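Chemist: Chain order of the listed sequences is A and L.
If you use numbering that gives the first Met the number 0, the first sequence corresponds to residues 0 to 376, in order.
If you use numbering that gives the first Met the number 0, the second sequence corresponds to residues 0 to 293, in order.
Hints listed in this document are in silico derivations from the structure and should not be mistaken for laboratory results.
Quick caveat: nothing in here was measured; it's all calculated off a predicted structure.
Ideal placement from N, C-alpha and C gives every residue a C-beta, glycine not left out.
Certain hints may be false.
[Unchecked claim] Here are some, though not all, of the chain L residues that point toward chain A, as calculated from beta-carbon distances under 8 Å:
1) L83
2) L86
3) A87
4) L88
5) A116
6) F232
7) V248
8) G267
If you want the building blocks of each chain, they are given just below.
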Amino acid sequence: MNRISLRRLVPLVVFAVLAVLPYSTLQLPGLFDGVLNSPGTLQLLALCLIFGGVALSYDLLFGFTGLLSFGHALYFAAGTYAANLALTELGWGLGAALALTTAVGIVLPLLVGAVALRVSGIAFSMVTLATAQVGSIIVLQDPGGLTGGEEGLALDRDQVPDAFVGVLNTVNLYWLALAYLVLVYVVVTWVTGSRAGKVWQAIRENEGRVEVLGLQPYRFKLLVFVIAGLLAALGGITHLLLLGGSTPRTTTSDFTLGLLVMVVLGGAGSRWGAVVGGVLYTYLDSRLTDLANSPAVQDLPGWLRVPLSEPLFLLGTLFILVVFFVPGGIAGLVDRLRERRAGRRSGGGGPAPGRVVEQLREQVGAGLGGANPRDGV
Amino acid sequence: MSTVVLLTITGLGLAALYFLVASGLSLIFGLMGVLNFAHGAFLTIGAYGTWWASDHLPGAGSTGWGFVLAVVFGVAVGTAVAALIELALIRPLYERHIEQVLVTVGLSLALVALVRATWGADPHPFPRPEWTQRTTSVLGANVPNDRFLLIGSAVVVLVAVLAFLRFTRFGLIIRAGVENRSMVTALGIDVRRAFTLVFAIGGAFAALAGALGGIYLGSISPGQGTSLLIFAFIVVVIGGMSSITGTAVAAVLVGLVQQFANYYAASGVGDLSVVLLLAAVLLARPSGLTARLA
Numbered sequence: 000m001n002r003i004s005l006r007r008l009v010p011l012v013v014f015a016v017l018a019v020l021p022y023s024t025l026q027l028p029g030l031f032d033g034v035l036n037s038p039g040t041l042q043l044l045a046l047c048l049i050f051g052g053v054a055l056s057y058d059l060l061f062g063f064t065g066l067l068s069f070g071h072a073l074y075f076a077a078g079t080y081a082a083n084l085a086l087t088e089l090g091w092g093l094g095a096a097l098a099l100t101t102a103v104g105i106v107l108p109l110l111v112g113a114v115a116l117r118v119s120g121i122a123f124s125m126v127t128l129a130t131a132q133v134g135s136i137i138v139l140q141d142p143g144g145l146t147g148g149e150e151g152l153a154l155d156r157d158q159v160p161d162a163f164v165g166v167l168n169t170v171n172l173y174w175l176a177l178a179y180l181v182l183v184y185v186v187v188t189w190v191t192g193s194r195a196g197k198v199w200q201a202i203r204e205n206e207g208r209v210e211v212l213g214l215q216p217y218r219f220k221l222l223v224f225v226i227a228g229l230l231a232a233l234g235g236i237t238h239l240l241l242l243g244g245s246t247p248r249t250t251t252s253d254f255t256l257g258l259l260v261m262v263v264l265g266g267a268g269s270r271w272g273a274v275v276g277g278v279l280y281t282y283l284d285s286r287l288t289d290l291a292n293s294p295a296v297q298d299l300p301g302w303l304r305v306p307l308s309e310p311l312f313l314l315g316t317l318f319i320l321v322v323f324f325v326p327g328g329i330a331g332l333v334d335r336l337r338e339r340r341a342g343r344r345s346g347g348g349g350p351a352p353g354r355v356v357e358q359l360r361e362q363v364g365a366g367l368g369g370a371n372p373r374d375g376v
Numbered sequence: 000m001s002t003v004v005l006l007t008i009t010g011l012g013l014a015a016l017y018f019l020v021a022s023g024l025s026l027i028f029g030l031m032g033v034l035n036f037a038h039g040a041f042l043t044i045g046a047y048g049t050w051w052a053s054d055h056l057p058g059a060g061s062t063g064w065g066f067v068l069a070v071v072f073g074v075a076v077g078t079a080v081a082a083l084i085e086l087a088l089i090r091p092l093y094e095r096h097i098e099q100v101l102v103t104v105g106l107s108l109a110l111v112a113l114v115r116a117t118w119g120a121d122p123h124p125f126p127r128p129e130w131t132q133r134t135t136s137v138l139g140a141n142v143p144n145d146r147f148l149l150i151g152s153a154v155v156v157l158v159a160v161l162a163f164l165r166f167t168r169f170g171l172i173i174r175a176g177v178e179n180r181s182m183v184t185a186l187g188i189d190v191r192r193a194f195t196l197v198f199a200i201g202g203a204f205a206a207l208a209g210a211l212g213g214i215y216l217g218s219i220s221p222g223q224g225t226s227l228l229i230f231a232f233i234v235v236v237i238g239g240m241s242s243i244t245g246t247a248v249a250a251v252l253v254g255l256v257q258q259f260a261n262y263y264a265a266s267g268v269g270d271l272s273v274v275l276l277l278a279a280v281l282l283a284r285p286s287g288l289t290a291r292l293a
C-alpha cells in the first residue's frame, strides 16, 4: 500500500525538480556544455520536454489504441504553421493564434481520421502517411509565398509577449515547454483512465470483440485520433515559440518515424516510458550532432568517423537493437526488473504495459485480413 | 496532341519507376506480411552503387556496355544487401509483423544516414549514356529516350516476374504462400527460403529503379528513395497489396494522373490528386482494385 502511494508521488517529484531546475547553476560536464541555467542548456532541455509531450501524444494512438499512424507529423506541423501564419501574416495576438491552432488541431484530424479510420491495419497506416505527405508537399510548394518553402518561416516576434522573446527569457520558454508536457501528461492520464480509455485498450487487444459488445470502435478511434492530433498541434505552437520559426522538416514522414522510434524506445503503452523516450531521443539527437562536429571525432580514421558523423545512423541502429533485445523499451525493462525484485509476491496479472508491441502483433495480423486473400476472401 | 503524347509517355515512364519499386513491396507484403520501409534504402543503394561503379569499377563507365556493367554492379549490391538484411534481421522475427516493420523503419533511417555520411547530402550528377539524352519523335512529340528505357525495363520485369511465378517451382511456392502460408508449411515446404528469395528479388528491382531513376532525374541524392517510396506505397495499396498485375495497373494509373494533373492544373496538384485517388479507391473498395481477382 505504502509503495503504491509512493509511486503516485513520483511524477509530482519529477515535476517539482524540473520546475526549480532553472535556479540551479550546477555544472554537468559531458552531459551539457554550460551550467544548467545557461540559455543553451535550457533551450535543449525545453526541446526535450516538448518532444516528450509529442511522443506521449503519439503513444496515445500507437501504444494505447494500437493505431499505427504514419502521419502524426501533419498535426504538429499544422500547429506550428497555423500559429506562425496567424502571428506573422495576419498580425493576430498570441491568444487568437492559440485559438486558431486549437481549431485547426481539432478539425484537421477529424477530417483525416473520418476517412482513414474506415480502413484498418496497414491500409490505415498508408492513408495517414499519404495525407501527411500532402501537407509536406503543400508546405514545400510555398503557395503564395505563405509557408516559405524549404527555407521555413521565421516568426515575427512583434505579436509575441515580451516574456517569450530574447535569449534572457529562455527560462520562460523552458517553463512553457514544461507546462505543455504537464498538460499532455494530465490529459493522457485522465483520458486513458476514463471509460473511453478502457475501450481504446480493448480495441488494441481485440477490436472484433468490442464490436460484438455493441460499441462502435470507429467513434472511439476517431476520438483518440482527434485528441492526439490536438495535443500534437499544441506541441507545434510551443515548438514555434521556442525556436522562433517553422521548418518544413516537421512535415516529413521522417519526423513521424522519429516519434515512432521515441515511443518504442521508451516503451509503447506506458505514459512515462513515451515521455522518457521522447526526451532521450531529442537529447541524443542534439548531443550526437555536437559530437560529430567535435575535433575528437573529426580526427578519427574514416571508417569510424563516417558512421559517427550521422546521429540518425546511430539512433536507427540503437532502435533496431531495442526492438531485438529490449522488447517493451525502457518501461518494459524497468517493469521486468521490478518483477524480478518482487519475486513471487505479486501474482500473474496481465502483460506488462510496456509489452504492447507484442500484444499488437495478432491484432495487426487480423487487420490485414481484409486486404489479404489468404484469409479466404 | 504532341503535349498529350509527351505527357502520356513521361507518365508511363514514371509509372515504370513506381512499378519497379512497388512490385517488390507487394511481393514481400503478399508473402511475408511485412511492409518494407527499407525498400527506399535499397533504391538509394542501387543508385549510389551504379554511380560509384561508373567511376571506380574497372571496365565500367558512363557509356555503352560500361554503363550496363555499372548498373549490373548496382543491382547486385542492392540484391546482396536485401538478402543479407532478410537473413540477419527479418528472419529472427518470424511471424512478428509489427517488430519486422519497426526493424525496417530503423534500417531505412540508418542506411540512408550512412549513405549521407559517406557521400554527403548534396545531389551528385548521375552518368547518363549518350543515347538516353537524345530524343525520338513520336507522333510529332520529341520524347526523351530515357522514357523508353524505363518503360521497356518495367515491361521486361513484369513479364519475367509473371513467368517466374507461373512456370517455376519457386514461383509456385510463392503463389501458394501468398494464398495460404500455413498450408504450404504444413505440406513440408520451407517457406522461409522463399522469403529470402522474395526479399532479394525486391531488392534487385528497387536497385534497378534507383539506377533508372538516376538517369531519369539526372542526379542522385540520399533522400530520393524515401520520396519515391511513399508513392510506391500508394501504388501497392491501390493495387490491392499483394497482386503483381494489380500493382502494374495501379502504377500506370498513378503515373498518368500525376503527370497530367501536374501539367494541366499546377505543379504539386498531381501529387495531391494521387492521394485523393488513394482515398477514393479505399472508400469505394477498401481492399484495393484487385481484391477479387487476386
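Chemist: May I ask you to test the interface hint for V248 of chain L with respect to chain A, counting a Cβ-Cβ separation under 8 Å as satisfied?
Modeler: violated, 16 Å
Chemist: Quick check on F232 of chain L please, does its C-beta sit within 8 Å of some C-beta on chain A?
Modeler: This hint holds: F232 of chain L lies near chain A, its Cβ roughly 5 Å from the closest one there, short of 8 Å.
Chemist: Checking hints one by one. Is A87 of chain L an interface residue toward chain A, by the C-beta closer than 8 Å rule?
Modeler: Violated, because the Cβ-Cβ distance from A87 of chain L to chain A comes to roughly 10 Å (cut-off 8 Å).
Chemist: Does A116 of chain L meet its interface restraint, that is, does its C-beta lie within less than 8 Å of any C-beta in chain A?
Modeler: Since the shortest Cβ distance to chain A is 4 Å, the answer is holds.
Chemist: Quick check on G267 of chain L please, does its C-beta sit within 8 Å of some C-beta on chain A?
Modeler: At 4 Å from the nearest chain A Cβ, G267 of chain L passes the 8 Å test, so the hint holds.
Chemist: Less than 8 Å between beta-carbons is the criterion; does L83 of chain L satisfy it with respect to chain A?
Modeler: violated, 14 Å
Chemist: Tell me if L86 of chain L is really an interface residue toward chain A, meaning its C-beta lies closer than 8 Å to one of theirs.
Modeler: Hint violated; L86 of chain L Cβ to chain A Cβ min 14 Å, cut 8 Å.
Chemist: With 8 Å as the cut and Cβ atoms as the points, is L88 of chain L at the interface with chain A?
Modeler: holds, 7 Å
Hints 1, 2, 3, 7 from the list above are not met by this structure, while the remaining hints are.
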